[in-house]
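Colleague: All chains should be built: construct the whole structure from the sequences, respecting the hints.
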Amino acid sequence: MPRRDDRDADAFLRPRLGRFRAERQPRLFKAKVLVARDQAGVVSNRTKRGMAGRGAGMAWKLSRGLLAQRGRRVVVKARIVRHGMRGALLGTHLAYLRREGVTKDSQPARMFSADTDDADVRAFVNRTADDRHHFRFIVSPEDAADLTDLRAYTRDLVRTMERDLNTRLEWVAVDHWNTDNPHVHLIVRGKDEAGRDLVIHRNYITQGLRARAQELATLELGPRSEWEIRTKLTREVEAERWTQLDRTLARVAAADQAGVIDLRPDGEVWPKGGGVQGMLVGRLQRLQVLGLATAEGVGQWRLSAAVEPTLRALGQRGDIIRTLNQRLGRAVGDVVVHGQEGPAHPIVGQITVKGLDDELTGRPFIVVEDREGRSHYLRLGADLNSSGLPVGGTVRVTRHRTGLVVSPKEPDWIADWGFPVGRGPTPG
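If you're matching positions, the sequence shown starts at 1 in the UniProt record's numbering and goes up one per residue.
A couple of the hints might just be wrong.
In silico DMTMM-like links for lysine to aspartate or glutamate, alpha-carbon gap of 20 Å or less [said to hold, decoys possible]:
1) Lys-77 <-> Glu-142
2) Lys-232 <-> Asp-180
3) Lys-77 <-> Glu-162
4) Lys-77 <-> Glu-308
5) Lys-77 <-> Asp-180
Rather than coming from a laboratory, the hints here were simulated on the basis of the structure.
Modeller: Written out as structure tokens, the structure is:
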């Protein structure tokens, strides 16, 4: 028969179900604190001696995330267009989307749909005549050129939308290859399969559709390799546009109470050989040259409040110049991009290019070349129609308190340019 002390020992060693004993609670609490600390981007002074400073832990986490984002990236722009509003003419919009020079093989552009590569656009427009609204989407996969079939990809995306929205969709689309990033213009009718007004939740339009598009691109092409990610980030260091590196730097600055970006390499917080810190430092040095960042000390910077709008404007300017070069078939010289208010002084010149400044909204633009050879990019208001402004025509552009005024003008000085009277530059 076992002794009492043996029974007590067995009872002590026998595992029992239930809550942990009190003596283990301090250890669990400490573990929770450490997890919360890591999630908040706080780095222990004991384990990270020589740490850069405030916000460095967050900087490390955010920058490390740059290499962890393996999914394929897709940009999705969307607009709900109510019928009856200015610029809402669907037929005119679809005609512009099918203009010359947008296809991959220089053939006439054709709309496609769920079951055909030559959709009946007129019938689609007629069916939507009495609708309350329609949806315009621009879907631009970052690696669109690597997809096997951009049209098949679009059809898969719409089928996914139909499952998410629990209704069949009526739509037409066209793929454009006239920019650095091939993309698709997708027009969805504002009616569901039962004939009711189609209402799509805002979150799905702004986030859900993009997530679905990225899933499909990643499914076909596979996750991005670390080499691909590093290569694209390296290109962003010198870019004159708003980049993923800039977004990371902005988040790092926002995580610091003083708005300082601390990238000093004297601690263990930055992984050696990772290259991410070097990219961020290189980007900040480039922003400093552009006047969009200032050095606060060794390895410390502060971003200008105008960094995002300025870089976005620079990126738009670059896009405009590339478009003009392509449309004119030659390199343009000095380009002046005017804001919504128009030029400060009257401009007299010849229209060399016209089109839509924003293919989503349908806002028109014209490019006027003055006699000094400067090309003026002018955005027209919603109340101005460029149809009466032919390429090659001479105009006078002035600013008025109510908006831009574009007036035809006799080409009395065109001969000085070397253009025969009555014939302008090559149309775009």
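Colleague: Each of the hints needs a verdict: does it hold here or not?
Modeller: Structure-based check of all given hints:
no. : hint                : in the structure
1   : Lys-77 <-> Glu-142  : holds (14 Å)
2   : Lys-232 <-> Asp-180 : holds (14 Å)
3   : Lys-77 <-> Glu-162  : holds (18 Å)
4   : Lys-77 <-> Glu-308  : holds (19 Å)
5   : Lys-77 <-> Asp-180  : holds (17 Å)
When held up to the earlier numbered hints, the structure conflicts with none and fits them all.
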